[in-house]
Amino acid sequence: EAQVTQNPRYLITVTGKKLTVTCSQNMNHEYMSWYRQDPGLGLRQIYYSMNVEVTDKGDVPEGYKVSRKEKRNFPLILESPSPNQTSLYFCASSLYYYNEQFFGPGTRLTVL
Amino acid sequence: ELKVEQNPLFLSMQEGKNYTIYCNYSTTSDRLYWYRQDPGKSLESLFVLLSNGAVKQEGRLMASLDTKARLSTLHITAAVHDLSATYFCAVAPGQNFVFGPGTRLSVLP
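Chains as they are written, first to last, in my numbering: chain A, 1 to 112; chain B, 1 to 109.
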């Protein structure tokens, strides 16, 4: 089944404890992206990747890192999480940047 | 900085009625996308509009794009309860995406 998977789906952590949210797609898509969703703000793009080893900042990249070493994986790294990063995170992928995006199931992160 | 607005933000309508959701944006873009999100779920793609004048239809939903006016519309015809969801437009000026705040639609019997 063609899909985007994210792990973990739920995470509660404490301020300053490094964490990684994984994202993987099995559709051979070139473009991958991370978003955070907060009430009333819609989705805001954190980082995106046009292809392997090519990443770029979205609108809200501060406090986040990404890497794209393989085409299928695009992990989101929070080196020192803070409470204002408590949010619902979505990974998405598309064949190319102009195609429709397929979204993962979401990861709900709480930083205490 | 690109700003994307949607109107209305909340919409309660009766089954069988027609309505339009508006998405307007502040800078030039030739690409606009519509997504649907059910409560507690992820997003699914509805329409991809890639040029001025593009019109796409699927079932009771029809989307259009006017790049000169920087406006897209999502028209709902003869609404049914299954259309209750939050609808997002997303504008793509380059390789990045900027989403609107979403329109929460409730279709009442």
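Among these hints, one or two may not hold up.
27 Å max Cα-Cα, derived DSS-like pairs, lysine-lysine [claimed, not checked]:
#1 K65(A) / K3(B)
#2 K57(A) / K56(B)
#3 K17(A) / K65(A)
#4 K65(A) / K56(B)
#5 K17(B) / K57(A)
Covered by chain B, per the in silico footprint, the following chain A stretches (three or more residues, Cβ under 8 Å) [unchecked claim]:
#6 16 to 24
#7 60 to 72
#8 77 to 88
#9 97 to 108
Treat the hints as calculated values from the structure; they're not laboratory data.
The C-beta atom is built at its ideal place from N, Cα and C for all residues, glycine as well.
Indices of hints not satisfied (ascending): 2, 4, 5, 6, 7 and 8
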